[in-house]
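Q: So the chains spell out like this:
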Amino acid sequence: MVRKGILQRYNHLLYIGPHLILFAIFGVIPLFFGAYISFTTWDLTGTPQWVGLSNYKEILFNVDSTFHTEFFSSMKNTFMFVVMTVPLLIIFPLSIALALNTKVKGETLFQSIFYMPGLFSISAVAIIWSVVFNKRIGLVNALFHNDVNWISTQPYAWLVIIIVTVWWTIGGNMIIYRSALNGIDTNMYEAAAIDGSNSINTFFKITLPSIKFQLLYTTVMTTLASFNVYGQPKMLTAGGPSGTTSVVMMTIRDLAFGQGKSIAGIASAMAMIFGSIMVIISIFQFILMSKDNTK
Amino acid sequence: MKLKNVMIASAVVTSVGLTGCGKDKTITVWNPFTGGDGVYFQEMIDSYNATNPEYEVKAVITPDMYTKVYTVMNSNDTKNIPDLLVGHVERIPLFVQQDLINPMEDVLSSQPNLNGDNYLEQAWDGGEIDGVRYSVPLDIHSILLFYNVDLVNKYAPGALDDDIITWDEVLAIVPKAKADGIVTFPVRTSNWLIDSMVAQQGGSIYDGDTPTLNTPEALKALETLVAIDAAGGSEVEGDDAVLLFQAGESVFLEEGIWAQSSFTNIEGVNWSVANTPVFDENNLAAWSSSHQFMELKKDRTPEEQAAIGEFLEYVRLNCEPWAVAGQNVASKTIYEQPDYADKYPQGFLLKDTREQESLKLFSFLNYGLVDQSYDTYITDAIRGRISPQEALENAQKKADDLMKEGY
Numbered sequence: 002m003v004r005k006g007i008l009q010r011y012n013h014l015l016y017i018g019p020h021l022i023l024f025a026i027f028g029v030i031p032l033f034f035g036a037y038i039s040f041t042t043w044d045l046t047g048t049p050q051w052v053g054l055s056n057y058k059e060i061l062f063n064v065d066s067t068f069h070t071e072f073f074s075s076m077k078n079t080f081m082f083v084v085m086t087v088p089l090l091i092i093f094p095l096s097i098a099l100a101l102n103t104k105v106k107g108e109t110l111f112q113s114i115f116y117m118p119g120l121f122s123i124s125a126v127a128i129i130w131s132v133v134f135n136k137r138i139g140l141v142n143a144l145f146h147n148d149v150n151w152i153s154t155q156p157y158a159w160l161v162i163i164i165v166t167v168w169w170t171i172g173g174n175m176i177i178y179r180s181a182l183n184g185i186d187t188n189m190y191e192a193a194a195i196d197g198s199n200s201i202n203t204f205f206k207i208t209l210p211s212i213k214f215q216l217l218y219t220t221v222m223t224t225l226a227s228f229n230v231y232g233q234p235k236m237l238t239a240g241g242p243s244g245t246t247s248v249v250m251m252t253i254r255d256l257a258f259g260q261g262k263s264i265a266g267i268a269s270a271m272a273m274i275f276g277s278i279m280v281i282i283s284i285f286q287f288i289l290m291s292k293d294n295t296k
Numbered sequence: 004m005k006l007k008n009v010m011i012a013s014a015v016v017t018s019v020g021l022t023g024c025g026k027d028k029t030i031t032v033w034n035p036f037t038g039g040d041g042v043y044f045q046e047m048i049d050s051y052n053a054t055n056p057e058y059e060v061k062a063v064i065t066p067d068m069y070t071k072v073y074t075v076m077n078s079n080d081t082k083n084i085p086d087l088l089v090g091h092v093e094r095i096p097l098f099v100q101q102d103l104i105n106p107m108e109d110v111l112s113s114q115p116n117l118n119g120d121n122y123l124e125q126a127w128d129g130g131e132i133d134g135v136r137y138s139v140p141l142d143i144h145s146i147l148l149f150y151n152v153d154l155v156n157k158y159a160p161g162a163l164d165d166d167i168i169t170w171d172e173v174l175a176i177v178p179k180a181k182a183d184g185i186v187t188f189p190v191r192t193s194n195w196l197i198d199s200m201v202a203q204q205g206g207s208i209y210d211g212d213t214p215t216l217n218t219p220e221a222l223k224a225l226e227t228l229v230a231i232d233a234a235g236g237s238e239v240e241g242d243d244a245v246l247l248f249q250a251g252e253s254v255f256l257e258e259g260i261w262a263q264s265s266f267t268n269i270e271g272v273n274w275s276v277a278n279t280p281v282f283d284e285n286n287l288a289a290w291s292s293s294h295q296f297m298e299l300k301k302d303r304t305p306e307e308q309a310a311i312g313e314f315l316e317y318v319r320l321n322c323e324p325w326a327v328a329g330q331n332v333a334s335k336t337i338y339e340q341p342d343y344a345d346k347y348p349q350g351f352l353l354k355d356t357r358e359q360e361s362l363k364l365f366s367f368l369n370y371g372l373v374d375q376s377y378d379t380y381i382t383d384a385i386r387g388r389i390s391p392q393e394a395l396e397n398a399q400k401k402a403d404d405l406m407k408e409g410y
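Chains L and E, in that order, are what the protein sequence lines are. Residues 2 to 296, numbered by this note's numbering, are exactly what the first sequence covers, in order. Residues 4 to 410, numbered by this note's numbering, are exactly what the second sequence covers, in order.
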């Protein structure tokens, strides 16, 4: 009896245990280790030298420092990317999911087509699109008879990055919205129709509130993923022109694993500051979106 | 937060991916040859193993190798530390300072022929720090000028008759080539070009351990590249310069010698090679580096050291596949063969002392900073977005700031 009781009491550990161990190894331990390194100077060899808050001061307050300018300029670029892409990555997949949910002919085919780009690696995606946008031989310039150098002039460089990002990542959210839309009780739509609700009204009063949690989840996750952008600007524009598409993850990686000695202390401090900002924004989004407006 | 994930993940990948390293009677050799050259390196290893040595050699191609070096050295797991490492000569001063590599005297003591008399001078010298021998060279690899023979004959007949072209001659081609829609000189390997052009003027990109990036010589170098771009002589950003050359749409291509394997089979393009363009024909200089065999710190038995020596001696005498791969071998036994320069397009760089001395190694403690600092600003200057002076000031500032952080 006692044995069974203990098993019953602790069997949840069996389920969450494996994940918890992996989470600790790949999440918690590196996080604390990174936090520690951010208070040191360390070149990945020997013992890190404790320097207190000096890395943070250098990044945040020393306006003459390259680290300060690079961090804030890449931070600005990253925010710009987030602000530009997140709404598109919610609106486009939702529109496609709504369109597909009207039971069009070949809906699974279209769903597969939209989902497929996400299966490719960013390297392959970037190579394909850089040819499409190439000034000399690119499809886009040939179609529109223009002479723009897409990757080295703004705002075109951003435009390329956004187009590629939307094309590449549209599928994930779309699948979530499709399944959410399928879960809405059709009786509600019938009732609304009987009450004379038009389609716009129905969308805002029934559809959106019904998939509220999926919207919340995708918004938070898409925002976090967008903050972590690296591959698209790295492969398409290499951070140019004039560093205008250089994002935080590029700055951090170049410092920690650049061509010379590692500047792991400064890189970790940047990662901690950046991580904290992401957490704060996610909490804010969560509070804002999970407010129950129906009461 | 991602950063830490990357660090731990690579530790795990290394330990999982390389299980079996360091087993008895095996010499593992980490190398960074992820491209086509990896095949030729493996060919050398296979031929060595075919001699039935007591210790077999196992080559492990290691992408992102320098990051993994730090991971494995931090893991305190000697089993996973490779017995040998093929790394770049510029890393040696840094690895010595970071106490990551062992002197190789034990290896050399059993092999009297592994000495400076048998290798290209600068490649051998690069492996010695403060009188201590830390590595044995495999090759010297440089940038060089690929040129389209027909286009040079059309736009600048005779310019390369003496096998060297000046920057002024390159610039003179630009308007003529541009009129035909032909690119003259893609500027993509700009960091290496600037290193070379500074050396051509007798300048230096370092003073002791400190990078000196903002110098009159660097300014002249950068202004020359800016002039090529401004006149319409370079590729546009986003162009693949190698493809342009292969398609016969570019007169020149300044590239690493190791990349030539992709040219050897192009149809319709009559190409040849020459040393990097110069300011004056008496002062040749081309950026070069050297792959060197070195030993990451760990204990090795005398038998293992002897086996490593035996392998390196074999490579010294049998590294010809490495020349087939496009590299210039450092072993005199191979490159002093009378037909070496005829057999291999890159061979002319070792044919006489004038060419040999033009191959400049930039091996100093903080070389890594030079590229890292130039990278950010040089392209903007070449493409006319900031002034050359501003680019060099910014690059120097960045190098100084990086130096402050524990260099």
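In case anyone wonders, no lab produced these hints; they're calculated from the structure. Every residue, glycine too, gets a C-beta built ideally from N, C-alpha and C. Treat the hints with care, since some could be wrong.
[To be verified] Listed below are the simulated DMTMM-like cross-link pairs for lysine to aspartate or glutamate, each with C-alpha atoms no more than 25 Å apart in a straight line: (1) L:77 / E:393; (2) E:179 / E:284; (3) E:301 / L:44; (4) L:58 / E:403; (5) L:235 / E:243; (6) E:407 / L:44; (7) E:300 / E:220; (8) L:136 / E:383; (9) E:407 / L:148; (10) L:235 / E:378; (11) L:235 / E:283; (12) L:136 / E:252; (13) E:400 / L:196; (14) E:82 / L:44; (15) L:235 / E:212; (16) E:181 / L:148; (17) L:58 / E:383; (18) L:77 / E:396.
[To be verified] Coverage of chain L stretches by chain E, computed from C-beta distances (three or more under 8 Å per stretch; other residues unrestricted): (19) 39 to 49; (20) 148 to 157; (21) 260 to 272.
Q: Run every hint past the structure and note whether it holds.
A: Checked hints:
1. L:77 / E:393: Between residue 77 of chain L and residue 393 of chain E the Cα gap is close to 22 Å, so the pair holds against 25 Å.
2. E:179 / E:284: holds, 23 Å
3. E:301 / L:44: Satisfied, since the Cα-Cα distance of roughly 20 Å is no more than 25 Å.
4. L:58 / E:403: holds, 18 Å
5. L:235 / E:243: holds, 16 Å
6. E:407 / L:44: Roughly 12 Å between the alpha carbons, so the hint for residue 407 of chain E and residue 44 of chain L holds.
7. E:300 / E:220: Given that 25 Å is the threshold and the Cα spacing comes to 39 Å, the pair is violated.
8. L:136 / E:383: Holds, because 18 Å separates the two Cα atoms, which is no more than 25 Å.
9. E:407 / L:148: violated, 44 Å
10. L:235 / E:378: Distance ~13 Å between residue 235 of chain L and residue 378 of chain E Cα, so the pair holds.
11. L:235 / E:283: Status violated; Cα separation ~38 Å.
12. L:136 / E:252: holds, 15 Å
13. E:400 / L:196: violated, 70 Å
14. E:82 / L:44: holds, 23 Å
15. L:235 / E:212: violated, 30 Å
16. E:181 / L:148: Holds, at about 16 Å.
17. L:58 / E:383: violated, 29 Å
18. L:77 / E:396: Within the cut-off at roughly 23 Å; holds.
19. 39 to 49: holds (count 6)
20. 148 to 157: holds (count 4)
21. 260 to 272: With 10 residues closer than 8 Å to chain E, the segment 260 to 272 of chain L meets the three-residue bar; holds.
Comparing the model with each numbered hint stated earlier shows that hints 7, 9, 11, 13, 15 and 17 do not hold.
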